[in-house]
Amino acid sequence: MRNSRVKVNGLFFVLISVFFYSGLSAEEPLIPNPEDTTKICIPRPPTNVLATDAVYDKGNVVNLNWVPSPDDNGDGKILQYQILRRLENDSVFALIDSVIAGTAFYKDETVESGQTYQYMVVAICDGGSGPSEPSPPVTPDMEWLNFALSNIFVIGLLICGSVIYFIGKAKSGRPLFIRKIAGLEAVDEAIGRATEMGRPILYVPGIQDMDDVQTIAGLTILGRVARVVADYDTKIKVPVSRSLVMTASRETLKAAYMAAGRPDAFNENMAQYITDEQFGYVAAVDGMIIRERPATTFFLGAFFAESLILAETGNSIGAIQIGGTANPAQLPFFVAACDFTLIGEELFAASAYLSGEPRQLGSLKGQDVGKALAMIAIVLGAITTTIGQAWNFEFISAIADLLNSLFRTN
Amino acid sequence: MRRQVPLIITFFIGALLVISVFIPPMVSLKETFTLYFDIIAVFAFFLGGGNLLRVHLGKLYGKKQDWGFSLVTVAGFAMMLIVGLFKIGNPGGIAASITAEGSLFQKLFEYIMVPLGSTMYALLAFFVASASYRAFRAKNREATILLIGAFIILLGRTPFGMMLTSWIPEQLSILQIPNLAIWIMNGPNLAGQRAIMIGIGLGVVSMSIRILLGIERSYLGEDK
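So the protein lines, in turn, are chains A and B.
Count the first sequence with my numbering and you get residues 1 to 410, in order.
Count the second sequence with my numbering and you get residues 1001 to 1224, in order.
Isolated chain B (complex conformation) (with noise of 0.2 Å):
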């Protein structure tokens, strides 16, 4: 029973919606869900939060090897959740959204969250160009390809790619190196996305009906 049931409720809910997509009066259907799944994940909040403080509580308790990472993250949980829950620091009061203006919880997302967010993605900019360097490396002819392929859409895309090519007559102008950039992505590049967006598609449809007959069921914990 315990492993019909949810089999049951996915199939009929998941047959609903895709039946609903023909059938205009039950379009809307697909928002209704959305929002009780949101219902359901914020429920299922309380149980993430609790484990990540049964984690580093039981790591600051034990004082296990790197406690002092748990003791930020606990902290830093505690204190967004008192300053958010109480509304401390509110111009506004308890009355007011914790988001307004000079509220103190929107001054700890705006002046630590948001810095330390964007410290990450600015780390990508590094990361891009140690990938780079090894992928570009020409070991083999695909490599080479590759290589070539980066070079003339990174000269494309810098006025001195134009500066390069532009002596090559107007009635060549494709083999300018700027043209011959766009050609690269918008020729064998868009078709080598839209190959894989296909396939993407079809294994989508493929997992889905796995799922929807419970042929695939390992998700749910019962895969005996």
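For reference, chain A alone in the conformation it holds in the complex (with noise of 0.2 Å):
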């Protein structure tokens, strides 16, 4: 009798053990189906389904969030939510995209200004879905000015008014003073070289294109350089990656040699298109370095990783070389491999340092109340930061948060 409850509670027991081990809990709602072995899975619905517009933007972007199924746990029973929407009229939701477990959030770009939207997620897991309460109706609305760009709008007013102030100042004939710029200090020096040696300059404009404005700044340098070229009768080559740089290239230096009062001895080769593809061009101009020989080789614009192969090479010959680019991560190879380096800022400076042109210069003056506004920010900033944290003055970290949003773009 004894021994026939120990098995009969034994058993129980072991009845109970595989239930909890099954991984059906109580409160899981897997729910078996009597008719088949497999189970069929429904997820409980996804919650506080929460639709709002989009501020700043034209009306046509829809800010989605809603707090995740329970049972989306990180386990893989949620595979992903459906995102159904349907405008306020219709009676039916309709599948715009899904997203995977463990999102809360969509960006619904593809609203109209002006319609009325409503929005469903649907958990989906294998073999059954459990859909959310439709959200509150939404009304997608276009903003005419983007108030949060305002401090940018106000900051840039600032220094666009600060450079054409003083282009106005240079204008009256006031001397403005402007530091040596080494690199440009150099370019009649190195043009002279190339003449007395009988040899040719090569000069590459980076390997961007026109919509690129180190590229443009390379062109506005070329102009100044090739009007030098013109006068001492030197040679002057400019292999292009693209071929509007090749066009633009060419009227900048027809340009110059007439100025120069040399237009006989222009010719249109001068600048030659070789091929937008990076590496090749790398290779044709390695070549023209290696058979040709330059006495004074120019990189002026953007350049990537071809940067120090080009400029290794015209330092394996020798060449007196003029770098610059405002790629940082291309300056050290530049300072590395070129005698002379135009860092960032110096490359647009260059054009209108070289023209001398009291118009061009005063720009360049207005440059520096952009500078003077970016120390004492940095300056402030770090002492407010420092003094805020270290001591837990609050009103002191306000104002470095204030300082920081103020040079915020998001």
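Any given hint could be a false lead.
Mimicking EDC-like on lysine to aspartate or glutamate, the simulated pairs with C-alpha atoms at most 16 Å apart in a straight line are [what the hints assert, rightly or not]:
id : chain 1 : residue 1 : chain 2 : residue 2
1  : A       : Lys169    : A       : Glu357
2  : A       : Lys180    : A       : Asp368
3  : B       : Lys1030   : A       : Asp57
4  : A       : Lys235    : A       : Glu196
5  : B       : Lys1064   : A       : Glu292
6  : A       : Lys58     : A       : Glu112
7  : B       : Lys1030   : A       : Asp211
8  : B       : Lys1030   : A       : Asp212
In short, the hints are calculated from the structure, not lab data.
Two chains, two frames, a set of hints: combine them into the complex.
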């Protein structure tokens, strides 16, 4: 009798264990299908689905947030969330997109301004789904001004205003002090060297197209360089990697030769198209450097991985080299391999500097206002952040936050 | 007139694009004008291709110095052009994309262009070595500081750096070479880079204003 009770108790214990270890607890909504041995998953739905109109857009964005399904706990039961949408007057929700499990945000960029929408988020698992309640209606609107960028607008206005102010001031004939830029002071010397040696000059205006401001800066410097080259009657070669740059280079060279009174010395093939392909271009220019052994090379424009290959090849033949780019990652390579390097802003200042024209030099002076502004903000920011955090002064921390927000773009 | 029209267009479009940043309905103007630029660039490609052929065919006809390189260039250009244009060896025929799997154009690109490009890129390793050798010679005080900084970063990025200084107690862990390397990269290096970036930003603003106002016009070939 006692043995049979022990057996019954044991059987009951085994059944309870099987029940719990099978993963089916009373809290889980996974219901066994009576007709089939496989299980159907019915997940609990996402809640608090909230659709809001995105600010400072043209009325084409709605942001959707929700609280994920309680079953979405990273164990892979929830496969994805489906995003459904309907116009307020429609009766049926239509599927517009789906996002992976664990997500609680969706940005709908396919809405039309002025229309009213409702959203529903459906949690999907293997064989079942849990739809949320429809979101409250939302009507995306267009804003005409992006006030989130008002700080940038004010700073931009200040810097642009100061540049224009100094250009106007320079026109009045007041002398301006501009510090000497060694790389640009050496331009005449570098061209003179090529003339004396009877060897050509190689000018590379970067590998980007005319929509890059560095290429434009490179071509404006080419104009100044070409005028001296024309005066000295030296050969210049401008291999380019973009067709539009070739056309612009030709025009620049032609104008420079005409301005120097030597239109007869101008030859269209001075500016030569090579290829758009980055390393194909490098191979061709390296070949030119090795075969023609230019006495002077200029690398002024937008450069990437090819910067060091070009500059080191030029260095290997003993050419005097002037490099310059606004790509900070490439600057160390030019510093290592070139005799002179125009660092960042010097590339953009070069044409104004070489022209010596008061209006252009005035614009450089205007830049200094921006630099002063940046320096004041950096020093103030460092002091207020340090004091605010070290001594926990809320007022000082608030000033640090304000300074931070002044220069934030998002 | 030839000078005025491009300057007026430059000013108008430039100003419009600057203003569009602050006006949400106009934000997409940038993409629109980029598309226009691409269309113009496509037409300019004919000029580039034409120039390439003219220069190299001229060298070939005249049997000028190094004409062999011109022969390779013209042959490569013609081959890619013909194969791409007439879709020779394309499994899907003339209607399929030239970049379709198994097409001759794709094979030429994948088995000739890509390896050649990679070869050129691989040269960078040797050039970095020779440039570093020159840059890190302790010729003066600045170069010596550069050398020491570079040495610490090089060591700090290898397990050997950690092995050398792992005995330093936790309180002085900043003196461990890997931590010193991280400090150099995140402190002085980043500060210097940011200073350059601020300068570049201001330089771009100043140059853009010169171009928009027509003060800088040498890029138009009209610098008189």
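How the hints compare with the structure:
1. For the suggested pair Lys169 of chain A and Glu357 of chain A, the alpha carbons sit about 13 Å apart, so the restraint of at most 16 Å is met.
2. Restraint check for Lys180 of chain A and Asp368 of chain A: satisfied, since their Cα atoms lie roughly 15 Å apart, inside the 16 Å limit.
3. About 15 Å separates the Cα atoms of Lys1030 of chain B and Asp57 of chain A, which keeps this hinted pair within 16 Å; it holds.
4. A threshold of 16 Å between alpha carbons decides the hint, and for Lys235 of chain A with Glu196 of chain A the separation of about 12 Å falls inside it, so the pair holds.
5. About 13 Å separates the Cα atoms of Lys1064 of chain B and Glu292 of chain A, which keeps this hinted pair within 16 Å; it holds.
6. Annotation: proposed proximity of Lys58 of chain A to Glu112 of chain A holds, straight-line Cα distance about 9 Å (limit 16 Å).
7. Taking the CA atoms of Lys1030 of chain B and Asp211 of chain A, the gap is about 12 Å. The hint holds against a cut of 16 Å.
8. Using a Cα cut-off of 16 Å, the hinted pair Lys1030 of chain B and Asp212 of chain A holds, with the two alpha carbons roughly 14 Å apart.
The structure agrees with every numbered hint stated previously.
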